[in-house]
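All chains should be modelled from the sequences, with the hints used to inform the complete structure.
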Amino acid sequence: MQHKIKGAPFGTIQTTANSRGILKLYHESENKTPTRIVLMNTTVLCTHSIPFHISIPEFLSFIAPVESHVSHYRVIKEANKDTYMVLMKFKESQAANIYFEQYNNRLFSSMEPETCQVLYVESADTDQDSESLFILVNPEETCSVCLEPLGESKSGILTILCQHTFHCHCLLKWKDGSCPVCRYSQKKTVTEDGGGSHKASQETEERVIGQSDDNDNECAECKTKEGLWICLICGYVGCGRYQGAHAYKHYRETEHIYALDITSQRVWDYVGDGYVHRLLQNMADGKLVELPDNTTPDNTASSQQEKLEAIALEYSYMLTTQLDSQRIYYENQIDKVSSQLIKLTTQLKQLEIQAKNAVKENEYLERQISLKEKEVSKIMDGKQVVEKSYETWKEKLEALKDLWLKEKEVTNTLIQSNEELSKSNELATSSISELNDQIRDLKFFLEAKKKVQADPSLEGGSVETRQSSRRRKGKRRPEGR
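In full-length UniProt numbering, the protein residues as written are 1 to 481.
Just so you know, these hints were derived from the structure itself, not from any lab. Among the hints, erroneous ones may be present.
Quick list of in silico lysine-lysine cross-link-like pairs, DSSO-like style, CA-CA up to 30 Å [unchecked claim]:
1. 360 <-> 349
2. 406 <-> 388
3. 406 <-> 378
4. 336 <-> 223
5. 408 <-> 396
6. 388 <-> 401
7. 383 <-> 394
8. 372 <-> 388
9. 394 <-> 378
10. 360 <-> 343
11. 249 <-> 223
12. 406 <-> 396
13. 383 <-> 360
14. 249 <-> 343
15. 372 <-> 336
16. 406 <-> 173
17. 173 <-> 89
18. 173 <-> 91
19. 396 <-> 383
20. 343 <-> 356
21. 372 <-> 360
22. 401 <-> 378
23. 388 <-> 378
24. 225 <-> 249
25. 356 <-> 374
26. 360 <-> 374
27. 406 <-> 394
28. 249 <-> 173
Label-pair ranges, simulated between beta-carbon atoms [stated by the list, open to error]:
29. 370 <-> 333: 52 to 62 Å
30. 448 <-> 409: 52 to 62 Å
31. 181 <-> 271: 20 to 30 Å
32. 58 <-> 104: 16 to 26 Å
33. 114 <-> 66: 13 to 23 Å
34. 272 <-> 342: 33 to 43 Å
35. 253 <-> 58: 39 to 49 Å
36. 58 <-> 181: 17 to 27 Å
Keep in mind it's a predicted model, so treat the numbers as computed, not measured. The beta carbon of each residue, even a glycine, is placed where N, CA and C say it ideally should be.
Pasting the structure below:
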């Protein structure tokens, strides 16, 4: 199988079963005649030269923003013992282009010099002898962790070095980087001798099956790292009975009866209250089946027949109980969802009523606003009329004020003239009074003179007058006014 990406071949698939082969990467300029195009153009990218100290869960966390756009990951071991590569098949070419632009030559960590190297895979050419080796995952196959069909999950599926396939979110719960099924760990390959042959590396991979580093595992509830058990049905990690008993609590909530001791790799059956020494997965429905140990000394045909019948009976019983427990569990889940749905429906109806009331209130307020706007418009029109009238009356007031000031000045002038005339009149009156007194005195003097001249006996007499008193009275009169 040949991928057109790079000049010299540098990637090899070193796996088990019938998926073993060699991956050769070439430049686009090399002219190779394909016999069969398996992958779509521009939707398959290769991220190569990933250091082995970066586990698969860590790599998936690194590219988490594009996880929803990837349909399939395939981990491939490179010829270099310290690195591996990941083929990624995207759902759309646009998402693949975005991944290339954002992640190519991007540092895995700010503390390390390694960068993410991304290449486009234009096509995949297979030899006729190896056409059957490159087979896409059957959507009807089930995930070894959650036992759900691989084709029904919204997240991508992942095929690791040991050729076991899982949902990405299921493998992320496993955290230690080893395979949940065969316990193969890619971290062990870092310590292998760089000059070893392909056969030696395979033997090393077989030896590490069943071994793992559980330092990264912790209880999902209390975060303890001692006495851990993992559920073989859903991958939940909990602590044992001597710690917080969260694994047993998980069994009580979900009825998942099988749990694996991460330290001893032994499987505990909560229903049978004992260890299960041997487990196989039924190909029909993916359920776990317990078989007796093949080291038991029994060679008779009847015993073998009894064993088979007992196995069939035990399997039927276990299948029935598992189906019943799963039915009860999912019925409870359905009841919970139904009750939540009823609550949400009630809340939705209340919100609809509130929305209708709010709409009515809004309409009422809009009508009130419209009426108020009309009133404001009328008031503004009246205001303009009043302002115009005010300006007119203001002009008239200014004119009247000017006229009043002028009249006031004239009045003040007249008052001053009147006062001056009054004073002149008083002076004239007093003068006239004095003159009248003088005239009267003069008349009296002349009359007296005539009488004296007429009567000689009166000669030598004197005549007294009161002119001074009259004059004083005449002078006091103006002061009295």
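query: Are there hints from earlier that the structure breaks, and if so, what are their numbers?
result: 3, 13, 15, 16, 22 and 35
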